[in-house]
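Residue numbers (our numbering), protein chains in the order written: chain W, 1 to 212; chain X, 1 to 240.
By construction, these hints were calculated from the structure, which means they are not laboratory data. Heads up, some of the hints might be wrong.
Claimed, not checked - Partial list, computed: chain X residues near chain W (C-beta under 8 Å):
(1) Pro71
(2) Ala74
(3) Thr81
(4) Ile158
(5) Val167
(6) Leu176
(7) Ile184
(8) Gln190
Unchecked claim - Chain W regions said to be covered by chain X (calculated; three or more residues, Cβ under 8 Å):
(9) 58-71
(10) 193-199
To be verified - SDA-like cross-link-like pairs, simulated, lysine to any residue; straight-line CA separation at most 25 Å:
(11) X:Lys54 to W:Gly198
(12) X:Lys177 to W:Ser79
(13) X:Lys90 to W:Leu4
(14) X:Lys53 to X:Arg136
(15) X:Lys177 to X:Gly206
Bear in mind the structure is a predicted one, so any value in this text is a computation, not a measurement. Just so it is clear, CB atoms sit at the ideal spot from N, CA and C, and this is done for glycine as well.
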Amino acid sequence: MDTLTKALQYALNPDSNFLGQLLTHLRLSGIALFVAALIGIPLGILISRYGSVARVVINVVGFLRVIPPIVVLFLLLPSQGLGFRPSVIALTLLAIPPLLINTDTGMRGVAPAIIEAGRGMGMSYWQLLRRVQLPLAMPVMIAGLRIAAVEVISFATLATLIGGGGLGDFIASGLALLRNDILLAGVIPAALLTIGAGVLLDGLQRRLTRET
Amino acid sequence: MQFLREWTLTQYLFVHFNDKVGPRLAEHVMLSVITLLIGLTISLPLGLLLSRKKELAGPVMSVLNIIYTIPSLALFAFLVTLPFMDLGPKTAITALTAYSLFSLVRNTVVGFDGVDPAIKEAARGMGMSDAQLLWRVEFPLALPVIVAGIRIATLSTIGLTTIATWVGAGGLGQLLKDAVYSNIHLPTIQSQLYAGLICIGGLAVGSDLLFRLIESRIRVPVKARRTVVHITPQAKEAWE
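Chain W on its own, in the form it takes in the complex (with noise of 0.2 Å):
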């Protein structure tokens, strides 16, 4: 208890720069699930139309996600060095995955008979995209944004070993100066933002599913 109340302390303390942190943690993942959700989502309707390209990507997407995510952070670091930027490039290579399976699965799992049904009503194709399928597919796709999105926000604590900021930094010098202050104000909101983006999203699927 004791050290809860000086992690407290040292947090709220403005020289920890802990809301800099926060927000650092904050822009990393941000950042890298919008990049992701661009070249994801589009990605997969574009798949999703080709079945056998589909496969091809889905299997070599599933090949590569064998190779350890942190693996690719420090892959990154002999021809980008250091800091935000490569931390940014890992996250968003980390989140493309469940993105692009997702909308794919989403898209195919649309009964033909429902897209036969808004052709028949003369809707063009980017209307039977935004009107029918996207909407139909959502529940899927949130599904894999609360993948994405977990992986991401856990993830980024990791972007500290390569100089990326956010909370990590504090567990990264509370382990170097063994002080347990330090760390706990790194672990607690990093475990907690974890576990409230997966209830949220959670919570954001299930409203979707309910609601189709």
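Since chain W is already given, all that's left is putting chain X on it; use the hints.
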């Protein structure tokens, strides 16, 4: 330039395997193997228990899922703050085991749940005892799913063991950590980094292939058993 880099890497692996890469690789494998052995000793009985007592499955899986969600560095670091833990392999193995349990237990439960009740009924009808039913019927039929869980847990453990070095437990992460704190533009440091990454990636890909091979092997007897079941109607016909 590219050629030069590859050359220094090969040279590095040859020259420094015994003093730098080898020991770290051995530590890495040891940490992962011990983790998985402890994980299995806990997960097999626990998974079996959860598949028998459904009301326990929900809460236990939620707890394991929450642990699995906690950022790895945070869990490693949190364990260090506990009074009976220190900087060293004990902390690393505890954290790694806690992570591995989610996939291991989940797949054990799913595996046992997936056994067709009709098959169990048939085994009982043949006069099998509870123990015989478990060892001769349920366990072999659940095994492919359990092995898939071991594969998933092995992959994540190999990746996470890299972080063990930050709590003083060694492993291949040491090579990466040293590279970060040195001048990354030096060819030797880059080679050291790549050597570490190649070993971690190689361990992951290698164990993935190994477990997939095992999975395909143990699926065969199950199929063979199915053929026996397929023959039975014919046998029945002959008998009628």
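The hints, checked one at a time:
1. Pro71: Given a least distance of 4 Å, the restraint on Pro71 of chain X holds.
2. Ala74: Nearest chain W Cβ about 4 Å off; hint holds.
3. Thr81: This hint holds: Thr81 of chain X lies near chain W, its Cβ roughly 4 Å from the closest one there, short of 8 Å.
4. Ile158: holds (6 Å)
5. Val167: holds (7 Å)
6. Leu176: holds (5 Å)
7. Ile184: Because about 6 Å separates Ile184 of chain X from the closest Cβ in chain W, which is inside the 8 Å limit, the hint holds.
8. Gln190: OK, holds: Gln190 of chain X within 8 Å of chain W, min 5 Å.
9. 58-71: holds (count 6)
10. 193-199: As far as the region 193-199 of chain W goes, the hint holds, because 3 residues have Cβ atoms under 8 Å from chain X.
11. X:Lys54 to W:Gly198: Holds, at about 24 Å.
12. X:Lys177 to W:Ser79: holds (17 Å)
13. X:Lys90 to W:Leu4: Roughly 23 Å between the alpha carbons, so the hint for Lys90 of chain X and Leu4 of chain W holds.
14. X:Lys53 to X:Arg136: Given that 25 Å is the threshold and the Cα spacing comes to 21 Å, the pair holds.
15. X:Lys177 to X:Gly206: holds (23 Å)
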